[in-house]
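Novice: Read off the chains here:
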Amino acid sequence: MREMLGFTSILGFIVAFLVFMVMDPAFQLVYICIIFLVNLFIVSFYGLTLFDEKKMERSNKLPTLTIIVPSYNSEKTIEKCLRHVLAMKYPHVHEVVLVDDGSTDRTREIASQFPVRIMHRKQNKGKAASLNEAIKQAKGELVACVDSDTYPPENLLMDSVPYITPGMGAMTFYITVEKPRTIWQRMQQMEYFFSFGAFPYLGAKFNAVLVTPGPLTIFKRSALEKIGGFDENNITEDFEMGLKLHKSHYQIGYLPINVPTEVPPHFSGLMRQRIRWYRGTMFNLALYKELLFNDKYADVGTFSFPVTATYVPITIVSFFFVLARGVRFVYESGLQAAQFAMYGQMPSLAFDPLYIRADALMFLSFLLTYVFFLWISLSLIKEKIGWDKLPGLLMVIFVYPFVNAGFYVYSLYKEMRGSDLQW
Amino acid sequence: MVNLKYAIAAILMVNLFFITLSVIDYMDMQRLLRFTNDLASFSSETADLESAVTLLRAEQPSSEYCAIIDTAYQQKITKTNDLMERMLAYERANMFAEFFALKRQFLLSNIQLWQVSQMEKQYCATNHTDVLYIYSSDPACSECQVQGKILDFVRASCPNVRTFVMDIKESMATLDMIKMKYNVTSAPSIVAGGKTYSKVLPADEIKQLVSCQ
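Heads up: the protein sequence lines correspond to chains A and B, in order.
Numbering-wise, the first sequence is residues 1 to 423 according to my numbering.
Numbering-wise, the second sequence is residues 1 to 213 according to my numbering.
Because the hints were derived from the structure by calculation, they are not lab data.
One should not assume that every hint holds.
Between beta-carbon pairs, the in silico distance windows are [as the list claims (entries may be wrong)]:
# : chain 1 : residue 1 : chain 2 : residue 2 : range
1 : A       : Met4      : B       : Arg104    : 52 to 58 angstroms
2 : A       : Ala87     : B       : Val14     : 49 to 55 angstroms
3 : A       : Val371    : B       : Asp48     : 49 to 55 angstroms
4 : A       : Leu50     : B       : Tyr26     : 25 to 31 angstroms
Predicted model, so just to flag it, every value in this text is computed and none were measured.
Yeah, the Cβ is synthetic: ideal placement off N, Cα and C, and Gly gets one too.
With the hints as extra help, turn the sequences into a complete structure.
Specialist: And the structure:
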């Protein structure tokens with residue numbers, strides 16, 4: 001049965017590709033217009049909230065807090081992580097718990113040099129299970145879950161805990177990339193600026209942050225206990241957690257506090273990570289489909305969740321659109337170049353600004369909104385815009401959309417096929 | 001007032017969409033305007049040469065008169081291929097504005113110019129050769145673009161060559177008759193010296209064909 005579904009999805013991909021191959025330019029334009037309109041609506045909606053002035057309430061209470069660091073084979077980053085975690089200033093840290101999820105490397109040995117409680121699990125059971133076990137034993141009113149490759153800043157707790165209101169289930173932060181070196185990391189740096197910058201910042205104004213990012217989130221223990229902790233069978237437990245909190249009518253807060261984390265340095269690692277994310281997205285979208293256009297959940301039900309849900313098919317279909325256009329372009333220009341070469345002629349390279357086509361203009365206006373949101377994202381954490389960001393920016397504009405859409409397509413295939421989920 | 005937000009966002013979306021559309025429309029209009037201008041001067045030159053040849057017919061043909069016409073052709077004829085290329089690119093880029101009427105006018109002027117050039121031969125002892133190039137506006141016709149470039153190259157090196165263009169897909173009485181007369185069925189084709197060549201002709205072959213000087 002699963003084999004059949006996998007086969008059907010491949011068939012669907014081929015049909016989509018062929019349809020876009022032979023599509024009339026007029027229909028292409030219709031497709032582009034639809035995508036353009038959807039984007040304009042989302043951008044308008046987010047743009048409007050720019051002017052919403054929502055005052056953050058600050059309380060003087062500083063409840064007790066437990067910090068949980070789940071780790072698995074993280075000898076390379078654990079030392080720096082724990083140093084940052086222990087340097088965080090907060091008067092009521094109950095304890096710092098390191099859950100060693102059956103590591104086979106020196107993680108435990110390194111961690112034992114720090115004043116943290118080590119919870120050792122012989123068998124590797126995954127991040128969600130580690131967190132759940134630690135949460136069960138946690139005494140603090142708040143629980144901060146910090147990944148073992150994340151380096152929270154010193155003042156994070158003092159700056160964020162006072163803003164956790166009674167209605168909130170979790171507080172999320174601006175996750176950024178720690179010292180990008182490779183081109184893929186530079187690309188992810190720019191991408192993180194968007195996905196953890198302007199969008200959740202604006203989204204929090206109408207309580208529509210959907211994800212509680214894995215690298216660092218502060219939860220209320222009472223909320224976690226009420227909803228039953230993390231789903232141990234879920235591949236993206238952070239997205240599931242966000243949806244579950246919304247389903248129980250908890251709010252998710254957001255503060256633009258810069259929290260650097262390590263990201264995959266190479267393409268293969270990035271691909272593995274993204275396939276996991278996107279399979280999780282698809283799986284959880286289906287799991288929580290009752291949120292879709294359900295006004296019981298306010299803007300989450302009518303905006304954030306539908307937007308996420310619309311983006312998956314749009315990304316997948318657009319992948320084949322771009323692929324088909326690209327193949328045709330390469331084929332036609334290759335044929336022409338061959339013809340020109342055969343007869344020893346040079347194609348005219350004269351450029352006339354009036355040659356710019358309608359779809360290119362739409363792409364250009366889309367690019368402008370992209371830059372606008374990037375600018376908001378960067379200004380949130382006072383990040384400087386320098387030439388060193390240019391390679392990442394070029395990658396995120398010209399390479400990322402296509403590569404990312406490819407990951408979505410592959411994820412859909414794997415999800416349909418029902419391949420084994422891997423962390 | 002949750003729904004008001006959505007209404008405002010929708011209004012904003014429609015407005016932004018129309019702003020983009022009006023930029024596209026503006027570009028369309030610019031293309032149309034520019035091409036209309038070029039075409040107007042091209043048509044007036046055609047009419048000029050047409051009346052010059054008519055005048056030549058009425059007068060006693062003399063080599064001085066013929067020289068005037070030859071010079072005029074040499075100066076003006078270089079535009080045809082360039083105009084055609086631009087027209088094709090504009091037509092592809094346009095979203096709203098129709099190029100249909102302008103295209104037909106351009107093609108008709110071209111044919112008139114070709115006929116006048118042939119007529120001139122009856123009265124003047126000129127050594128020019130008329131080359132009618134039949135192209136296809138289909139972007140998939142990569143040979144058409146090569147042939148256009150080759151003709152440009154030939155014309156630049158041979159001053160006695162006059163090139164004219166015709167669209168194979170366009171259906172007009174004059175064009176249809178020419179297509180039938182010269183048995184043109186595919187693009188690119190070249191009609192020169194009363195003969196039809198239905199393939200891409202390299203520069204050397206054309207030069208031989210037109211006895212390049």
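Novice: All the hints need checking, so say for each whether the structure fits it.
Specialist: Now the hints, each set against the structure:
1. Met4(A) with Arg104(B): 52 to 58 angstroms: holds (55 angstroms)
2. Ala87(A) with Val14(B): 49 to 55 angstroms: holds (51 angstroms)
3. Val371(A) with Asp48(B): 49 to 55 angstroms: Since Val371(A) and Asp48(B) have Cβ atoms about 51 angstroms apart, the given range 49 to 55 angstroms holds.
4. Leu50(A) with Tyr26(B): 25 to 31 angstroms: holds (28 angstroms)
Of the hints listed earlier, there is not a single one the structure fails to meet.
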